[in-house]
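Asks: Single-letter residue listing:
Protein chains: 2
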Amino acid sequence: MGSVELHGRRYRLPGKPVVVICIDGCDPEYIENALSRKLCPNLSLMVSSGFSAIADCVMPSFTNPNNASIVTGAPPSVHGIAGNYYLDRETGERVMVNDARMLRGTTLLALLSQAGIRTAAVTAKDKLTRIIGHGLDGPCFSSERAGQTTLSEFGVESVEALVGRPEPDMYSPDLSLYVLDAGLALLRQNISQVLYLSLSDFVQHKYAPGEPESDAFLLAIDHRIGQFIQLGAIVGCVADHGMSRKTDFLGNAQILFVQDLLTDALGPDSAQVICPITDPFVRHHGALGSFVRVYLADQRNTQAATDLLRQSPGVHDVLSRDEAARELSLPHDLEADLVVISQQDWVLGASRQDHDLSAVQDRPLRSHGGYTEQRVPFLISHPLDSEGLAWALSTRLHNYDIFCAILNHTDSVGQD
Amino acid sequence: MGSVELHGRRYRLPGKPVVVICIDGCDPEYIENALSRKLCPNLSLMVSSGFSAIADCVMPSFTNPNNASIVTGAPPSVHGIAGNYYLDRETGERVMVNDARMLRGTTLLALLSQAGIRTAAVTAKDKLTRIIGHGLDGPCFSSERAGQTTLSEFGVESVEALVGRPEPDMYSPDLSLYVLDAGLALLRQNISQVLYLSLSDFVQHKYAPGEPESDAFLLAIDHRIGQFIQLGAIVGCVADHGMSRKTDFLGNAQILFVQDLLTDALGPDSAQVICPITDPFVRHHGALGSFVRVYLADQRNTQAATDLLRQSPGVHDVLSRDEAARELSLPHDLEADLVVISQQDWVLGASRQDHDLSAVQDRPLRSHGGYTEQRVPFLISHPLDSEGLAWALSTRLHNYDIFCAILNHTDSVGQD
Chain B
2 MGSVELHGRR YRLPGKPVVV ICIDGCDPEY IENALSRKLC PNLSLMVSSG FSAIADCVMP
62 SFTNPNNASI VTGAPPSVHG IAGNYYLDRE TGERVMVNDA RMLRGTTLLA LLSQAGIRTA
122 AVTAKDKLTR IIGHGLDGPC FSSERAGQTT LSEFGVESVE ALVGRPEPDM YSPDLSLYVL
182 DAGLALLRQN ISQVLYLSLS DFVQHKYAPG EPESDAFLLA IDHRIGQFIQ LGAIVGCVAD
242 HGMSRKTDFL GNAQILFVQD LLTDALGPDS AQVICPITDP FVRHHGALGS FVRVYLADQR
302 NTQAATDLLR QSPGVHDVLS RDEAARELSL PHDLEADLVV ISQQDWVLGA SRQDHDLSAV
362 QDRPLRSHGG YTEQRVPFLI SHPLDSEGLA WALSTRLHNY DIFCAILNHT DSVGQD
Chain S
2 MGSVELHGRR YRLPGKPVVV ICIDGCDPEY IENALSRKLC PNLSLMVSSG FSAIADCVMP
62 SFTNPNNASI VTGAPPSVHG IAGNYYLDRE TGERVMVNDA RMLRGTTLLA LLSQAGIRTA
122 AVTAKDKLTR IIGHGLDGPC FSSERAGQTT LSEFGVESVE ALVGRPEPDM YSPDLSLYVL
182 DAGLALLRQN ISQVLYLSLS DFVQHKYAPG EPESDAFLLA IDHRIGQFIQ LGAIVGCVAD
242 HGMSRKTDFL GNAQILFVQD LLTDALGPDS AQVICPITDP FVRHHGALGS FVRVYLADQR
302 NTQAATDLLR QSPGVHDVLS RDEAARELSL PHDLEADLVV ISQQDWVLGA SRQDHDLSAV
362 QDRPLRSHGG YTEQRVPFLI SHPLDSEGLA WALSTRLHNY DIFCAILNHT DSVGQD
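Each protein sequence line maps, in turn, to chains B and S. Using my numbering, read the first sequence as starting at 2 and increasing by one per residue. Using my numbering, read the second sequence as starting at 2 and increasing by one per residue.
Treat each hint with caution, since some may be false.
Covered stretches of chain B (chain S as the covering partner; in silico rule of three or more C-beta atoms under 8 Å from a C-beta of chain S) [to be verified]:
#1 41 to 54
#2 93 to 102
#3 198 to 206
#4 335 to 349
#5 391 to 397
Pairs of lysine to any residue, SDA-like flavour, derived with a Cα cap of 25 Å [to be verified]:
#6 K17(S) - E212(S)
#7 K17(B) - V5(B)
#8 K39(B) - P213(B)
#9 K39(B) - E212(S)
#10 K17(B) - L398(B)
#11 K17(B) - S50(B)
#12 K39(S) - E30(B)
#13 K39(B) - A217(B)
#14 K39(S) - D249(B)
#15 K39(S) - E212(S)
#16 K39(B) - N253(B)
#17 K39(S) - L251(B)
#18 K39(B) - G211(S)
#19 K39(S) - D363(B)
#20 K39(S) - L398(B)
#21 K17(B) - D363(B)
#22 K39(S) - A298(B)
#23 K17(B) - G227(B)
#24 K39(S) - A217(B)
#25 K39(S) - N253(B)
#26 K39(S) - S37(B)
#27 K39(B) - E214(B)
#28 K39(S) - G233(S)
#29 K39(S) - V5(B)
#30 K39(S) - N34(B)
#31 K39(B) - R364(S)
#32 K39(B) - E30(S)
#33 K39(B) - P210(S)
#34 K39(S) - P213(B)
#35 K39(B) - T248(S)
#36 K39(B) - E214(S)
#37 K39(B) - P365(S)
#38 K39(S) - R364(B)
#39 K39(B) - Q255(S)
#40 K17(B) - N191(B)
Rather than coming from a laboratory, the hints here were simulated on the basis of the structure. Beta carbons: idealized from backbone N, C-alpha and C, even for Gly.
Same shape as in the complex, but just chain B (with noise of 0.2 Å):
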């Protein structure tokens, strides 16, 4: 039985098709509200008759810490991806995180294919591609940009060809819903075995879970899931984070400004503030999370902001840079001087004007980062074996195990 290891994890080579599908901003409030509804017949399925489990996210809780995460099965601390956004220590430039520069190590993606297993992984949103598709000698491409694949890019000669409708909108459940219906047409056509889909949390960063919105996206996944099963797959489904409102009663959006806040108390130019969750999509969030990163140009300012952060309304944790690294086994050369964390119903931003709040205005604001957003639905198709049964209930099961819950713990190497 062939096998392939990476970061000191052994994974067998599967026999039988293989889909993890990624649920950007998938609470489990979702899934909980959904199944007291008995709404998703597919994930009702995979409650009772797979494995089931709420497991933690990485910290903090984005969109390509986790993504990096889940697919090199180990935390930040391994493989360097530590949020979508951050400031280069030594050039003192801010830089986007979309392409695999930063990534430390390879993926288990890029192994599966290199052994020979046909492996394709399809995101919705275009940034991840790189970072994902990193070495991946298969199919790797994003919704967002369907159409203008080439064969020699991105593995497939047309996406719109192969999934049979055009490139969806940026900003729509379709996003989402055509990254599952391509990796629908990858197994049919029997162009790849394994597959990795990562969707988007637009539907969730607008809708709670059980409006009429968030409901019918929900179903259409759950939809598309029975096909995967009904295709012999054994599937998977995690979340890269979790979702929380946050607003007061009134509905508005409470934002601790903080970059503000340090420049209000210490002085101008005595701290840069960096959000992690921003990127180029910000119809979704206004690059406003629950996590933000503090350098101080003064190391003696440390405790003074410290202070002030923790007596401020809004602010759940302060950690220093050493905290930081090890209780969210985070990078300790990339990591800030301080790292500040926001209760359930606060987002952190930088200042006021670095952020377009008319862009997240159109409903209550919902987002992620913090540790409230720390748990994620962790589903299988299928029954773990004994062995992994033992393990799943004894550790603190992450997202990031769900390649090895699957390959190793399921009768993922017999052949159909």
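Once you've looked at the hints, dock chain S against the given chain B.
Replies: Just chain S, lined up with the frame of chain B:
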């Protein structure tokens, strides 16, 4: 203008009726959910025309520490009540906190009554009367023992005659509604001017936001709030703690038995685990909450126990005695060697044999005690003055600020 002072804070004596309701276990989500469906007209009016915020309760997010905080305007480090149940370090005995022996200093209710303001305290659970009624020169009784009142002990000859119906069932929504009806009678009959009314969380332990049973309960509370406002009272609503679902997707309670874990790892009698949620009301929660205290026989095991707990499924944080006292404002002299706080969907128990799980198997377990139940509603029927508004928006508001907000920052002084 008269005033009283307690724990460094001055409170103006009110000229108008003032009613503070502690809606036990009222997670903000109950209010948000009800408001989104326009279910509760009076709560809605408080939000739109009065003052509303989401505030913190004190940790641990349990009933006794928070009721003591609300009536003293201070955290447990000041008033000394840090749980419902504790281990006496000197005698080694486990003690239920059901009287004022642990209370340090007096209460605001006592001071108001001694300053000539007709003040009353009514609770659902009798265990609380001796804490919130400590030093109170006025009616103080529970609906749990409404049938057993005497004028000398409780300040009212017959509560049943006052309310007009017999003592309610201990496990019923009416245990709480009876408290409100008693308060309405005390106000209507001009017996009291200031009322502290503390309810029971029996409904919230059993029913999630939006379920018919919790809707009906909240609507009944809302109806009575409207009556208090009609009687000319300034009404404040807070909660002693929030409430979270503590189960997996199948609805099974997720419980980490901390005593068993430590006994297995460090040997018998190596640790004593205290569940400070413990109270006589087992059918609410089976003494399973999200915060436990650990007393180690040998302090050299501190690091080993901390590491073991941090790795265990369901644990969010482990604090040392010093950290707990400092970060959570808890009395250092009473604090345990370790404080363990669970993740949102987990509870912590002592030994499996210590908990009667049959008592909580009728419905998916809901409970509290951790950070994830620290957010509580803070609603006032009348607007704050500009000074009060500035204070409320710049501070980390706690449930124990409610009397300060009403007495010092609304028009509570002026006569009707």
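Asks: Next pair to validate is K39(B) with R364(S); report whether the Cα-Cα distance is within 25 Å.
Replies: Holds, at roughly 17 Å.
Asks: Given the hinted pair K39(B) and E30(S), is their alpha-carbon gap at most 25 Å?
Replies: Roughly 22 Å separates the two Cα atoms, so the pair holds.
Asks: Between the segment 198 to 206 of chain B and chain S, see if three or more residues pass the 8 Å beta-carbon test, and mark the coverage as holds or violated.
Replies: violated (count 0)
Asks: Is the hinted pair K39(B) and E214(S) satisfied, with a Cα-Cα distance of at most 25 Å?
Replies: Holds, because 20 Å separates the two Cα atoms, which is no more than 25 Å.
Asks: With a cut-off of 25 Å on the C-alpha distance, tell me whether K39(S) and N253(B) pass.
Replies: holds (17 Å)
Asks: Does L251(B) sit within 25 Å of K39(S), going by the straight-line distance between their CA atoms?
Replies: Holds - the C-alpha atoms of L251(B) and K39(S) are around 13 Å apart, at most 25 Å.
Asks: So if I understand the rule, the pair passes when the alpha-carbon distance is 25 Å or less; does K39(B) with G211(S) pass?
Replies: Since the Cα atoms of K39(B) and G211(S) sit roughly 16 Å apart, the hinted pair holds (cutoff 25 Å).
Asks: Has the given pair, K39(B) with A217(B), been kept, meaning a C-alpha gap of at most 25 Å?
Replies: holds (13 Å)
Asks: Is K39(S) within 25 Å of R364(B), Cα to Cα?
Replies: Holds - the C-alpha atoms of R364(B) and K39(S) are around 17 Å apart, at most 25 Å.
Asks: Is the straight-line distance between the alpha-carbon of K39(S) and that of D363(B) 25 Å or less?
Replies: holds (20 Å)
Asks: Does the structure keep K17(B) and S50(B) at a Cα separation of 25 Å or less?
Replies: holds (18 Å)
Asks: Are the Cα atoms of K39(S) and G233(S) separated by 25 Å or less?
Replies: holds (24 Å)
The earlier numbered hints that this structure contradicts are 2, 3, 6, 16, 20, 21, 22 and 29.
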